[in-house]
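*Asks:* Each chain is listed here by its residues.
2 protein chains.
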Amino acid sequence: MHKIPNIAVIRLALYAKHLEMLHNDGVELVSSVKLAKMCGANPAQIRKDLAYFGQFGVRGVGYYVNDLLNALKEVMGTNRTWRLGLFGVGNLGKALLGFEQFAQRGFIFTAAFDKDIDLVGTEVQGIEISQSEDIKEVIKGPGCFDIAVLATGADRAQDCAMRIVEAGIHAILNFTPIRLVVPENVFVENVDFTVRLHALCYSLTTGSDVTQRHPR
Amino acid sequence: MHKIPNIAVIRLALYAKHLEMLHNDGVELVSSVKLAKMCGANPAQIRKDLAYFGQFGVRGVGYYVNDLLNALKEVMGTNRTWRLGLFGVGNLGKALLGFEQFAQRGFIFTAAFDKDIDLVGTEVQGIEISQSEDIKEVIKGPGCFDIAVLATGADRAQDCAMRIVEAGIHAILNFTPIRLVVPENVFVENVDFTVRLHALCYSLTTGSDVTQRHPR
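Protein chains in written order, with full-length UniProt numbering: chain A, 1 to 216; chain B, 1 to 216.
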């Protein structure tokens, strides 16, 4: 398989999300034009992105929603369950533990860590809170996880990331504003809400809708 | 100005974010190759995206960081302050009110709303909580805002969106999983954390790093 660019993967995830909606709505076929409109992309881009992986469309017919969705999930590795470990059970952390979309898409929290000793040992959303110092012990048991979700304060982020890496975890979803310094073989994805606000600012300023609006 | 595609605006926001980091680090010049690497894009894509707006690069030299940043901010409408109104002061809402990145990038909360009458009248992060029924009154005063940030429960999202629209607000950053039904002239940007998790799943599955890692 060719190496695909970073941004194409984000687009594939977006296509998969909208295909899942279509599938849940009972839609069996979708044209590249309609899928493009739903995703805020253009049809040529969609055809190009999907061409990285093979031939999914039928000329004059469109894409078979379920086939394309399954193929995308397989390519992206989202046709399985991924276990998440939360670091930082503050307001954001608690909100993340309660997000139904995670479980619906196969992302399950199996562990949560906090520095607050009053929190350690208590349960939030059915997950027992551990001390982040204990990560190596926790991941030997049912608290084992694949991806760390970093929602600590900025001051603890780098320290926590090092502990995650030392425990052998190779993927971090980073909600903190810190640029984490980690070894090359550790994957870090940074979440930044302000980037999404920019699409709204642009739309309000120019009157041209560039948002990723869901289908109605 | 040409209409630029939705996804290009998200990329522009990403370029602006990394240019801001370079600027804060005192870097004056950046090559399209280096900027591309930082953003996880490719240099040809960056040159194409920036070509929508004019000529920013100097052949053989690169881009002047500050000039390009200011031009992007002007194009995107982020060279000014935008006021935010929060709907739903639960765990996520409280976390959003406390996010320093918002204020650092010119996004200031001026109002917050919740259905919980025990919360109404109290202050969170210096913002007084109002009832969402009172939105029309609130936006006549210092609580006036440009963009609604929707962080209510899923069951209240559509109802709340209608109230926002009726009050004359035309932009919604939607953290709920609901596909909002709003008039054509209202801009909605949906935030979905699971899409970012997919880049990590792909990287873990294939061993190929497609994350938007920050520069080290």
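Quick caveat, the hints were computed from the structure, so don't treat them as lab data.
Keep in mind that the hints are not guaranteed to be accurate.
[What the hints assert, rightly or not] Dumping the calculated DSBU-like pairs for lysine-lysine here, alpha-carbon to alpha-carbon at most 35 Å:
id, chain 1, residue 1, chain 2, residue 2
1, A, Lys73, B, Lys140
2, B, Lys140, A, Lys48
3, A, Lys94, B, Lys48
4, B, Lys73, A, Lys37
5, A, Lys115, B, Lys94
6, A, Lys94, B, Lys94
[Claimed, not checked] Simulated restraints, written as ranges between beta carbons of each label pair:
id, chain 1, residue 1, chain 2, residue 2, range
7, A, Glu166, B, Asp25, 34 to 42 Å
8, B, Glu128, A, Glu133, 56 to 64 Å
9, B, Arg59, A, Ile117, 38 to 46 Å
Idealized CB from N, CA, C, for every residue including glycine.
*Asks:* Each hint needs a verdict: does it hold in this structure or not?
*Replies:* Results for each hint:
no., hint, result
1, Lys73(A) to Lys140(B), "violated, 48 Å"
2, Lys140(B) to Lys48(A), "violated, 48 Å"
3, Lys94(A) to Lys48(B), "violated, 41 Å"
4, Lys73(B) to Lys37(A), "holds, 26 Å"
5, Lys115(A) to Lys94(B), "holds, 20 Å"
6, Lys94(A) to Lys94(B), "holds, 11 Å"
7, Glu166(A) to Asp25(B): 34 to 42 Å, "violated, 28 Å"
8, Glu128(B) to Glu133(A): 56 to 64 Å, "violated, 39 Å"
9, Arg59(B) to Ile117(A): 38 to 46 Å, "violated, 59 Å"
Consistency with the previously given hints fails for numbers 1, 2, 3, 7, 8 and 9, ordered from lowest to highest.
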